[in-house]
Amino acid sequence: MPFGLIKFGLSKKYSEPRMFRKVEQPRDAYDVVIIGGGGHGLAAAYYLANECGITNVAVIEKGYLGGGGTGRNTAIVRSNYLTEDGARFYQKSVELFQDLSRTLDFNMFYSQRGHFTMAHSPASLRTQRWRAEVNKHLGIDSEVVGRDFIKKMVPEIDLDCGGHQPPIHGALFHPPGAIARHDAVAWAYARGADRKGVDIFQQTAVTDIEIEGGVNMSGNVGGRVVGVHTDKGFIKAGKVLSAVAGWTPQIQRMVGLRTPLTIHPLQAMVTEPLKPWLNTIVVSASLHTYVSQSSRGELVTGGSLDPYELTSTRSTLEFAEGLSGHLMDLFPFLGDIKVMRQWAGLCDMTPDFSPIMGVTPIKGFYIDAGWGTWGFKATPVSGYAMAHTIANDADHELIKAFNLSRFGKFRLVGEKGAASVGH
Amino acid sequence: MNNRLPKQAGEWIDRSRELNFTFEGMSCRGYQGDVITSALYANGMRMVGRSFKYHRARGSYSMAGHDAHAMLTDGVRTNIRGDQVSLESGMNLRAVNTAGGLKRDRLNITERFSRFMPVGFYYKAFYKPRWLFPFHEKQMRKVAGLGAINANNAPTNSPKDYAWCDVLVIGGGGSGMSAALAAADGGARVMLVDEGLKLGGSLVWQGGGDHGGRVEPLAAAMVAKVEAHENIEVRCSTMAGGYYGDHWMGLFNGEKLTKLRAKSVVFATGVIEQPAVFGNNDLPGVMLASAAQRLMRLFAIKPFEQAVVLAGNDDGYRATLDLLDVGVVVKAVVDLRREDDVLSTDAMAQVRATGVAVRMGCGIYEAQARGTGRDRIGVAGVVVCPLNDDGELDAKRCETIACDGVAVSVGWTPNAGLLYQSGVRFVYDDGLEQLLPDVVPATVFVAGRANGVYAWTDRLRDGERAGLGAAGCLGEGNGEVGEGQDVGGRSKVAMSHGYPIFEHPGKKNFVDFDEDLHLKDFVNAHQEGYDNIELMKRYSTVGMGPSQGKIANVNSVRILAKLNGKTINETGTTTSRPFYQPVPIGHLAGRRFHPMRHTPMHDWHKQHGAVMFHAGAWYRPEFYRNGSMSREDCILSEAMHVRKSLGLIDLSTLGKLFICGADAGAFLERLYTGHFASMKIGKQRYAVALDETGVMIEDGVVSRLSEDRYYVTATSSGVAAFYREMQRWALVWGMDVTLINATGQYAAMNLAGPKSREVLAGLTDVDLSNDAFPFLGTREGMVAGVQAIMMRVGFVGELGYELHVPANMGLRLWERLMDAGAGIRPFGVEAQRLLRLEMGHLIISHDTDALTHPDEADIGWALADDKPFYVGQRSIAVMRKQTLERKLVGIRWEAGYSGPLPEECHLVIDEVRHKMVGRVTSVAHRSTLGYALGMAFVHPDMARPGTKIDIRVDGGAMSRAEVVALPHHDGEKQKG
Ligand SMILES: Cc1cc2nc3c(=O)[nH]c(=O)nc-3n(C[C@H](O)[C@H](O)[C@H](O)COP(=O)(O)OP(=O)(O)OC[C@H]3O[C@@H](n4cnc5c(N)ncnc54)[C@H](O)[C@@H]3O)c2cc1C
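Residue numbers (the working numbering), protein chains in the order written: chain A, 1 to 423; chain B, 1 to 976.
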């Protein structure tokens with residue numbers, strides 16, 4: 001019996017306090033307003049308050065904490081990316097994640113499982129080698145492995161896919177690959193921010209953003225932020241962070257910024273709980289499939305993005321059918337196992353599969369977007385980097401490559417090979 | 001043992017067919033038509049499973065699959081739902097997730113520690129120190145999870161099929177049958193599906209609700225009429241699993257998936273009975289009144305000997321009459337409503353007339369267990385208390401009533417999962433204490449109790465209305481909102497109690513049985529700030545278990561509303577998602593057909609020793625085996641033969657497109673970067689296409705066959721996507737072009753080597769002389785009697801002719817060429833890759849990546865910047881103002897070099913600055929030139945020929961190569 005639980009058994013009254021205060025009405029003004037109470041917005045609030053000494057902060061969430069992508073994702077955390085900028089950034093996130101339960105005093109079930117990206121062709125194996133080489137150069141644990149090693153670690157897998165698919169030639173293996181309890185990440189950051197005095201408002205939407213100056217003579221967007229309108233009234237703030245992932249186009253329109261974001265649905269599904277058998281995370285890019293087993297025992301599985309733009313979170317039968325087929329190609333004995341639920345979330349996709357972060361042409365307006373299908377793992381580092389960016393009004397070292405301006409200059413950070421299926 | 005009542009009208013069991021099975025090692029008997037749980041009940045098995053967290057004994061609770069108490073395994077399949085799976089002869093069943101069997105489940109010990117495990121306890125422990133968490137997690141994973149997989153199970157292979165109808169009616173009860181008949185009489189083709197074994201729904205097990213007399217004859221007549229109707233197709237044992245927009249649905253019948261499209265849908269899905277919350281409300285023997293009724297009427301089983309009925313509605317009294325009817329002694333009806341608040345009904349009067357005690361304004365405080373500890377596997381009695389003015393039980397004035405069963409009849413909620421998915425929005429009706437459909441999309445109809453219509457005759461009328469409406473709006477109604485569904489038949493009297501939830505501080509009062517969540521968990525979660533419905537759900541995990549909240553969500557919303565002092569409508573509900581009940585992966589997967597493509601010469605290759613490999617859906621020869629030679633030797637020898645003599649390679653997988661029409665030239669001019677409109681007939685040109693950001697996405701060769709007809713080759717792996725992209729652009733630009741993807745219709749082969757002209761000349765009349773048919777020429781003519789497109793190409797760097805012929809002629813031409821002598825040998829894809837590498841020809845997506853633009857790949861020469869437009873041109877213009885970040889160059893090693901050599905995608909490293917400065921894209925460890933060579937991206941500073949670069953290879957060693965100008969081999973070039 002861990003010590004932490006003993007108090008519950010011994011005390012008569014349940015003495016746990018609220019994890020986040022209920023603040024009815026926002027103040028007239030805050031130093032920083034954060035739009036979006038997903039993991040990213042809450043993490044930014046936490047680091048602003050805990051590391052940058054800025055506590056006069058409001059987080060405005062139109063639904064409930066973690067109700068966007070944060071509560072819908074399949075919670076894979078890894079750093080085996082393809083570019084130097086990407087890999088360094090996600091590596092920092094993995095490092096923060098590894099200690100996050102202790103930092104925030106909240107068990108997030110951060111579970112290091114090891115992450116396989118199966119290659120069903122020499123071409124795919126080549127890409128995996130590329131990733132492995134970049135990773136190793138940067139000190140990230142990542143290796144191309146052969147069939148024997150895969151079979152040893154995942155004895156249940158059918159490496160030949162029953163003849164239904166090209167056989168698995170090898171894989172990229174990334175031992176630090178992990179899964180976590182996604183909601184808990186949002187709650188833990190919320191509690192940590194709240195304790196330092198950050199005001200969190202749920203069921204409150206930002207309806208417009210007030211900008212002074214605005215579009216300049218030459219038609220370029222500029223000016224400075226003076227505050228946000230919400231359905232609870234106007235809030236004055238010199239600094240505003242948009243951390244709304246799939247809703248970014250709406251915020252963009254409020255300030256007149258252009259980004260190359262497109263919104264696509266991403267679907268996933270889970271089975272009934274099973275006794276533990278799958279101890280690693282298995283991704284097959286060729287089959288558009290990945291699967292892990294949650295600590296509750298459910299198989300959590302998904303694939304690649306719906307190929308068309310859409311802002312609906314409906315599920316499709318075709319997705320469930322295709323994914324099930326590919327799961328059985330890898331694990332042919334799963335035919336009788338039942339799928340309990342399927343769902344979808346909105347992904348804000350960038351052309352290069354990297355995020356958009358940092359300062360913008362509008363003074364005091366900061367953006368944290370372009371999280372597509374890969375943003376959960378970046379929750380700690382994005383919060384951390386955005387907090388410092390806001391505090392210093394300059395892009396933090398780790399995110400310089402991700403500034404919105406890169407699209408105008410064609411300085412893209414190409415992560416398609418590392419992020420299109422293995423989120 | 002197989003205890004049954006006398007024959008019940010409408011029973012599902014077939015008494016002439018007795019089935020033997022075992023449960024937890026005990027021999028049992030049941031009938032054809034039983035579900036597993038009914039057969040267990042008939043054999044006296046009150047306990048069917050152990051709960052998820054505390055391993056408490058659990059019995060049949062809903063008999064309808066609305067709970068997940070009976071989760072079984074037969075050794076092959078797992079998590080078998082006892083309520084939903086028909087009994088089969090010889091089944092050998094066990095409960096999942098026990099240690100030491102159902103009876104002696106040792107894991108029941110966890111209940112003793114339940115005080116230490118309040119809601120969300122796992123968020124608050126196990127993470128310090130960090131290195132201990134994996135240990136804790138392992139333990140937790142072991143106790144979590146239900147059934148275990150069996151990795152030896154053979155893959156399932158169930159077919160799938162499609163169906164369609166005008167009107168789909170879901171639910172074969174009174175209102176559903178009425179709807180089906182109305183629609184079918186109107187001429188619509190109707191499909192009626194029901195998850196039960198037989199039609200009739202609650203008419204059979206509940207006798208029509210308020211219908212005073214026996215309804216069986218009426219029901220039977222209706223069933224007969226439905227089954228005989230030529231416009232109605234009935235599918236029983238069929239579950240509508242998910243609704244997917246535009247009336248696209250997945251139907252599951254236990255064997256396979258049927259995908260169905262309907263023009264309109266009637267949801268007559270009925271209602272799901274909801275539990276009451278009180279102390280020990282999960283003991284086996286406590287069940288929903290509807291479950292008791294199902295046991296009696298569908299399976300002819302007497303549910304209890306001595307029962308107490310907890311009522312919050314009139315249905316409780318009718319259930320009492322049913323119990324009395326089969327000889328159960330009803331010790332009392334405990335009615336949550338106060339005498340003054342209810343108008344007496346026929347059923348109440350009838351119950352009173354039998355002399356059964358009725359306690360108005362009282363509730364059950366606690367069910368008392370028979371047995372102790374893990375043997376608490378039945379009910380010994382109930383503690384009944386009066387309700388005070390606040391709706392709470394007054395525990396000081398309690399009365400104990402001995403009984404062996406409790407039937408709970410406190411209310412219903414619409415079986416609404418699919419309705420939510422179809423876009424129906426519900427509001428909570430405070431009078432009825434139930435959710436009711438409010439906004440309904442056009443072409444969607446709701447009928448019967450799901451629509452709040454309870455009275456028997458009203459339900460039939462409501463079904464008729466819905467059926468007629470559905471038949472009347474076929475194929476129409478793309479308007480957003482349909483007709484209101486409230487046409488007056490809705491009940492005026494609450495059929496549900498507004499708050500059937502009573503705290504017993506000393507006992508567990510379960511709200512979610514799946515997850516072992518009790519009342520206190522909700523109060524505690526609320527106290528910690530999880531005070532809206534979504535946060536409450538996620539923190540407590542209510543509704544996340546295998547029954548997905550069917551009998552937990554409504555009460556959890558009530559509890560939260562009360563804690564917040566808000567209404568149900570203000571509190572809201574969580575979203576409903578597919579599936580209505582879990583469905584097997586195997587049924588979703590079906591037979592897993594995956595197309596595989598063979599070229600016309602496929603069998604020839606295999607007969608001639610080819611080692612084949614997958615190239616997307618295609619199979620291609622990698623190389624041809626040659627005696628005892630190694631793979632590498634075979635490849636090199638094939639390549640050498642092409643350089644010195646003559647080789648033939650199958651290129652049938654190449655993308656082949658005809659671009660025709662008045663705008664064909666102009667179209668290619670926009671699509672590709674080069675000039676094609678002005679190209680002469682009979683000429684060909686290398687073509688590269690970019691996306692809008694200037695990244696190279698495709699390349700190939702464009703030949704002009706006539707004024708308005710071009711023939712275009714594209715990469716094997718890219719053609720499908722590129723053809724789609726072409727079609728998109730043709731539409732966007734509104735051009736007069738016809739695009740034909742002829743990839744599969746044509747076979748292609750490349751006859752390459754110094755002797756190619758000589759051999760080809762013997763098979764064709766086309767003048768092959770260099771003047772008549774120069775390099776980069778394309779001709780149409782007869783080769784070996786076959787109409788062919790002939791292209792003089794130089795991809796491998798030797799004199800060569802690509803021959804494209806109709807696919808059915810491919811093998812014939814191939815064999816004629818192979819027979820033409822001159823020492824011709826086939827060569828595979830590996831040799832071709834080597835030969836083209838020696839020529840410095842890049843392969844898109846092999847030597848380029850998702851960001852490569854033409855200047856980096858050194859094919860800036862292919863960009864015609866004097867054109868007004870091509871896709872990506874604007875981006876190229878922006879990029880050309882900036883410095884290059886990398887360049888694709890040739891690399892080689894000394895002849896005789898014996899150090900380590902890299903693999904493709906090994907990195908070029910600046911060791912001094914410890915920086916990554918490039919990447920090997922292609923490498924050949926041996927070549928026809930006698931040394932290792934390749935191509936690599938390097939920093940532009942290193943792109944000068946003669947520069948030495950260091951490549952880190954496996955194991956960390958360095959390999960030093962020299963940058964050289966391309967091509968490595970000075971052969972017949974493709975550029976120009
Ligand atoms: C099915 C699926 C699987 C995924 N799997 C993974 C994975 O395995 N690993 C991984 O790293 N990533 C994964 N992702 C991606 C990941 O979920 C997201 O990138 C990430 O959650 C984004 O977090 P966020 O905090 O930026 O945004 P969100 O969590 O989406 O939060 C944004 C919040 O902003 C709020 N909001 C929007 N507009 C307004 C407004 N006007 N006013 C106030 N509030 C507003 C929204 O309500 C929302 O709560 C997956 C995504 C999906 C859909």
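If you're looking for bench data, these hints aren't it; they were derived computationally from the structure.
Some clues are possibly wrong.
[What the hints assert, rightly or not] Cβ pair distances, simulated, as ranges: (1) A/D99 - B/M596: 46 to 54 Å; (2) A/P307 - B/S16: 18 to 26 Å; (3) B/R913 - A/F149: 32 to 40 Å; (4) B/Y897 - A/E84: 26 to 34 Å.
Virtual Cβ for every residue (Gly too), placed ideally from N, Cα, C.
Here's how the hints hold up against the structure:
For the pair A/D99 and B/M596, the supplied restraint of 46 to 54 Å holds, since their beta-carbon distance comes to about 49 Å. One distance hint, 18 to 26 Å for the beta-carbon pair A/P307 and B/S16, is violated here, with the actual separation near 55 Å. Separation of B/R913 from A/F149 is about 33 Å and conforms to the stated range, judged on CB atoms against 32 to 40 Å. For B/Y897 and A/E84, the Cβ-Cβ distance of about 29 Å falls inside the hinted range of 26 to 34 Å, so the restraint holds.
Violated hint for the displayed structure: number 2, the only one.
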